[in-house]
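*Asks:* Sequence:
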Amino acid sequence: MAGISPATVLRLERGGIGSLRTYERIAKAFQTSLINILPEFKAPSRPTLEDLELLDNSMSANPSDLPDLPVGNWSPTRLTDWLLCPAKGAWSTGVFDVPPDFQWPINERATVGKAVHQYAENRLDGADVNTALMGVADKNTGMDPELWLPFVEAWDASIHPTIGMPLAIERRLEVTLKGHRITAVIDVVDAHGTIRDLKTTQRLPNPTAIARESVQAPIYVAAWRETTGEMASFALDYLAQHKSGIEYTQMPIPVTETDIDRVTRQLDYAADFAARPERITPNPVNKYGCTSCTFLALCHEKFGTLTTLDAPRQTVAVS
Numbered sequence: 001m002a003g004i005s006p007a008t009v010l011r012l013e014r015g016g017i018g019s020l021r022t023y024e025r026i027a028k029a030f031q032t033s034l035i036n037i038l039p040e041f042k043a044p045s046r047p048t049l050e051d052l053e054l055l056d057n058s059m060s061a062n063p064s065d066l067p068d069l070p071v072g073n074w075s076p077t078r079l080t081d082w083l084l085c086p087a088k089g090a091w092s093t094g095v096f097d098v099p100p101d102f103q104w105p106i107n108e109r110a111t112v113g114k115a116v117h118q119y120a121e122n123r124l125d126g127a128d129v130n131t132a133l134m135g136v137a138d139k140n141t142g143m144d145p146e147l148w149l150p151f152v153e154a155w156d157a158s159i160h161p162t163i164g165m166p167l168a169i170e171r172r173l174e175v176t177l178k179g180h181r182i183t184a185v186i187d188v189v190d191a192h193g194t195i196r197d198l199k200t201t202q203r204l205p206n207p208t209a210i211a212r213e214s215v216q217a218p219i220y221v222a223a224w225r226e227t228t229g230e231m232a233s234f235a236l237d238y239l240a241q242h243k244s245g246i247e248y249t250q251m252p253i254p255v256t257e258t259d260i261d262r263v264t265r266q267l268d269y270a271a272d273f274a275a276r277p278e279r280i281t282p283n284p285v286n287k288y289g290c291t292s293c294t295f296l297a298l299c300h301e302k303f304g305t306l307t308t309l310d311a312p313r314q315t316v317a318v319s
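Residue numbers for the sequence shown follow the working numbering, beginning at 1 and rising by one.
Derived from the structure by calculation, the hints contain no laboratory data.
All residues carry an ideal CB built from backbone N, CA and C; glycine is no exception.
Hints may contain errors.
Restricting the straight-line Cα-Cα distance to at most 30 Å, the calculated cross-link-like pairs of lysine-lysine (DSSO-like) are [unchecked claim]:
1) K139 <-> K243
2) K114 <-> K139
3) K199 <-> K139
4) K243 <-> K114
5) K199 <-> K114
6) K199 <-> K243
7) K28 <-> K178
8) K28 <-> K302
Label pairs and their computed distance ranges (CB to CB) [unchecked claim]:
9) E247 <-> E170: 22 to 30 Å
10) F102 <-> L147: 22 to 30 Å
11) R265 <-> E230: 20 to 28 Å
12) T227 <-> T256: 15 to 23 Å
With the hints as constraints, model all of the structure from the sequences given.
*Replies:* Have a look at this one:
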């Protein structure tokens, strides 16, 4: 069956659960409604709003109306995963089925970043410092406030005064590029019409972060233009933690039509893999190979023994 690997067909024949995208392809092949063949839905990862919306609308949706990915629309993070390694993209977006007992990692730095974003949103919505702090503390019980307090103090001192009267705060936008639907959640558009994206980190961008941001900026600018009819500039607000304290660095990222066209072609590339997952193989791109990847054990089981790029004769231990 077009677009469905023999391994997936075998798993379904044995009573296994496929991804939502798989069932959409089957429905299209048999020219029937998705709801007629869809079993009880089992999310490939943590259920998202897109999962629920997609299932709610499945009775009336045409196959062409469904997103490329089982988890919903594309996003800068999802696209970057596919570009860095198609196997990682497939695991993280449900194209490859993740076992129900898979342990999704908890990223402490991401949790800190979420707390800082909550504080910034509270302040931009008009809350005073104490109210904003209490709001973050209430939503992050169990987290040591000392992990995020230095960042929010730095945000208030260095970033907040430069925003002025914002044109948009925490705005969720969608853009369609050559048929691919993408979701973009903009932190803030400042008084000058610049899309500002807040990053909290322990150091300035590494190569993976730079790759993600080269995708993020054109998508956000394209989404803003599709929504408002206006072009916008884009800048990253980096709060980097050092031993001496928090350092603020702003990094403007110019975006041209060429950049938007590049991201569109990158979406075509990733979507082609998503539609034909039997072509996917792991493609480690950093010097550590696959050793730090969340999905190492899953790839080991699916593709065989993986080795690090810096020590190709030494296999990676998988428990």
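*Asks:* Which constraints among the numbered hints does this structure fail? Numbers only, ascending.
*Replies:* As far as the earlier hints go, not one is violated by this structure.
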